[in-house]
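Protein chains: 6
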Amino acid sequence: MPVIEAHVLEGYSEEERQRLARALTDAACLVIPAAPDAVTVMIRENPKANYMRGGKTRAPAPARPDPCEQIRAYLAAMEARDMHTARSMLADGFVMNFPAAPGLTALEELIAWAAPRYRFVKKTYDQFEAFQKDRVTVIYAMGTLYGEWPNGAPFEDIRFIDRFEMTDGKITRQDVWNDMAETKAQLT
Amino acid sequence: MPVIEAHVLEGYSEEERQRLARALTDAACLVIPAAPDAVTVMIRENPKANYMRGGKTRAPAPARPDPCEQIRAYLAAMEARDMHTARSMLADGFVMNFPAAPGLTALEELIAWAAPRYRFVKKTYDQFEAFQKDRVTVIYAMGTLYGEWPNGAPFEDIRFIDRFEMTDGKITRQDVWNDMAETKAQLT
Amino acid sequence: MPVIEAHVLEGYSEEERQRLARALTDAACLVIPAAPDAVTVMIRENPKANYMRGGKTRAPAPARPDPCEQIRAYLAAMEARDMHTARSMLADGFVMNFPAAPGLTALEELIAWAAPRYRFVKKTYDQFEAFQKDRVTVIYAMGTLYGEWPNGAPFEDIRFIDRFEMTDGKITRQDVWNDMAETKAQLT
Amino acid sequence: MPVIEAHVLEGYSEEERQRLARALTDAACLVIPAAPDAVTVMIRENPKANYMRGGKTRAPAPARPDPCEQIRAYLAAMEARDMHTARSMLADGFVMNFPAAPGLTALEELIAWAAPRYRFVKKTYDQFEAFQKDRVTVIYAMGTLYGEWPNGAPFEDIRFIDRFEMTDGKITRQDVWNDMAETKAQLT
Amino acid sequence: MPVIEAHVLEGYSEEERQRLARALTDAACLVIPAAPDAVTVMIRENPKANYMRGGKTRAPAPARPDPCEQIRAYLAAMEARDMHTARSMLADGFVMNFPAAPGLTALEELIAWAAPRYRFVKKTYDQFEAFQKDRVTVIYAMGTLYGEWPNGAPFEDIRFIDRFEMTDGKITRQDVWNDMAETKAQLT
Amino acid sequence: MPVIEAHVLEGYSEEERQRLARALTDAACLVIPAAPDAVTVMIRENPKANYMRGGKTRAPAPARPDPCEQIRAYLAAMEARDMHTARSMLADGFVMNFPAAPGLTALEELIAWAAPRYRFVKKTYDQFEAFQKDRVTVIYAMGTLYGEWPNGAPFEDIRFIDRFEMTDGKITRQDVWNDMAETKAQLT
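Chains as they are written, first to last, in our numbering: chain P, 2 to 189; chain Z, 2 to 189; chain H, 2 to 189; chain W, 2 to 189; chain A, 2 to 189; chain S, 2 to 189.
Calculated directly from the structure, the hints in this document are not laboratory data. You may find that some hints are simply not true.
Just so you know, same-sequence chains aren't split out, so a pair can sit in one copy or run between any two.
[Unchecked claim] Within a straight-line C-alpha distance of at most 20 Å, the following computed SDA-like cross-link-like pairs (lysine to any residue) qualify:
#, residue 1, residue 2
1, Lys57, Val137
2, Lys134, Ala39
3, Lys134, Pro48
4, Lys57, Arg174
5, Lys185, Ala101
6, Lys49, Arg65
7, Lys171, Leu105
8, Lys123, Glu157
9, Lys171, Ala36
10, Lys49, Arg59
11, Lys57, Ala35
12, Lys124, Val177
13, Lys124, Asp176
14, Lys123, Glu17
15, Lys124, Ala113
16, Lys49, Pro37
17, Lys57, Glu46
18, Lys57, Gln19
Please construct the entire structure, taking both the sequences and the accompanying hints into account.
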């Protein structure tokens, strides 16, 4: 135990059903420390015609894309300075909090903030993590930064963590922490 | 839809069952963007005598304590320099990664690392987040730091985020990011 | 087959659960002509704490009273000219259709309509029938009328059928058919 | 809640399964006044080979035709004086109760009864209603009559209601009420 | 997998429910060679009021006693020559087949058959086995015999196996095989 | 009642699913003496992608072959002295117990034991029975023997019963009882 049955409308891909099964397994294990082999999840698919809520058949809501992949794509667009793509992924009211730069709302502000700090920066990812909190999907990306200081000297292996919130498939918030200032302080 | 049935052994408290129900709701919503009212979770309790795996009855594994509460207690013990309590919550092989201080393994190392950095530091929490990844519980604590610099000057409102990993109820890893260096750099 | 499982919140009385089980049995047999012994209904009660919709626990909606009993009470109140009780059972917008008297909306209109037709009339019931149509409960009452014509002569055994609609426990509509005119025509 | 699962043998058409799902929804709402969106019905189809009762597989009983459609066809046959078709839909022991004509058993009796009453009559239907009572399907047809009096004068808009009982697909009983006598009385 | 849910009426003792769960586990393993820990059985108890078949509530059939215990009691009664008790456990039409003695129907015949074969015989049981075949419970008892030959010489360790059939709680048939003749032949 | 749902991975043949359904029916009836028509078994097949245990999908274990057929084949191979086929069906540690010949481990020993007892022997089967006991499948074969005594005289109609144990598809044990010695004793 636990044994979990999840009844869903037919129409989700195998990858989506397995994502669901894994999420439910993790959810169960968050509360019940069962031996892993003792956690059973069964996805039951209902043909659309065999399901009614309130006397009406319902179309299955398309599955959310993998939020980690969405954030990876956003960060890649930012790194490539592809503002058009990046902006298309943002919700109205999007806000960013960077070290010593709270409350940025436009990607251009972020670029202005970054200008005196480094010539360029790129990310190496250690891992992405995503989970749901009521209506909000929270995604963490973490790893290390490499790039060049304004004077052209290279840097690397600077730890960072980004936290994102998404609602209805759009990014509403980004919070960034990293060791850039720490590293720079040690250089001087 | 989805409709989720979770069969568990009898013996979990109402609080534990509701924690489970919420975790399952969130897990479903991570993949399927159903309207909130359309996500149904039903916990089914099985008396111990009515459940067999492999022809044997099983005792219910005690529910995990709320991992956010566990981390809050650990951080409180650290803040109070109650090393005995803090250490009791750590797994063998525990490792900490702080800004410019990777791979610490003993709390004493952390205290030594902190000594030249501030007289004291305390945390104000904005939120805790926890989720499960296979066998590992991941917990995030975030908020702001306040305290005194070595010269006695106060600081406050410095953003931080701590990431913890727990296995079998013990903390195995802590990663810390914050804006202390950034703030200090701006002071000078 | 069919085998029907109905999951409900805990809190319904045995009488209410059996009313539900019978209604589900009848619903199944309306479509599938299974041998009666082959129709299985199982009511599953969920403690309130074990059920969440949209991440929230829900209180069980109190069961509807037996609609046949409600209509019987209404008709008894009308027969006793207890207008206060009868009126309390009517929804706003209540409308009555009697032979040659469509669209009455006030009980006083009905009494005025009846005045030249009989001194009094009482009902003997053969049966009541109730079923649900989406949001509306439909109730039929049928049997025979007895009473006195305006000239004091008695009558009896005059067939009638009343059809009622109820929404949210209030009567919204009444339609009446009977053989009074037919009987009177044969008298003359 | 309620959440209703109905396990049936594979082989019912989509229209039949939806008829079943709607009937179960209505049955639940007859007793439990849940918000419509809170009533979930899931039809589970079992391949014949996956179901055994008493150790034997079973063939699915063919679904009943829509009883409202059956009665509509019967009334159409009667209106067209297609006695052959109408009679084929009657059970042995069929009985009719018309105004001032109880206990007719042969369609010819009905025609004889009607002869002095009108030259012809046709029905305009407002609605049909059907529900199950144990082994009996009850069907109501209601609307208005139009046609010609014996003297050739036309009539219309005369309310009627017919109640039918069917068992095993055959009509066993018909009860008719209408305002013909009332209307005729007002003419004179 | 497999995961087995058995819905039964409330009223069975814990011992009976566990006997059922074990029998279902064994039944599953007879066909599917799952790892033992992968076979889950859940007994669901339905309060009598929450179950209807054919629109009627049902009383739970009292569980069968453990058939191995019943046969053990029968054999003990026979060994003690308690014919009254033994006979009370037999169905009408009971028949016994012993070595070279087919078709005995009365316990007295068995005693007469045994008279020239041994002074007395007693059983040491190695094991009992029981399983169901449609309406018939089959029970095997096996072990060794000890006792005295007609000449008073002792014997022991003679293998035997008894096969019983029970229907509706009564023994309908007994078949006995053993090595008595083989042993006796070796003596001479 | 009982109503039994068995969730299995997709991939079992219709014959295998029905074998499972019958075994579950019998298991239920071993404990609960329900009327046969009141025992419902539903096999639910889960596509491999819709089932996870411990967060991993699982391949369905191939169903066991019918153990009665396996034993029938073994006995046929022995009768035909096809030692190669017979031996391939035996587990390491296989042991046989024959009348006055306990603890044989090699088929050759059996042949040596049989040599002085009969020229040849063949089996006519009345029935096979199989059931599961934890990890062990028990199979009974019973019927009558016919053949020739060493002196060439024929014999027939000698009752026998063989009991087999199988684990993981291999025979681990055979116990044999019959009336040969009894019959021979009566000849002399």
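Hints that the structure is at odds with (numbers, increasing): Hints 3, 4, 14 not satisfied by this model.
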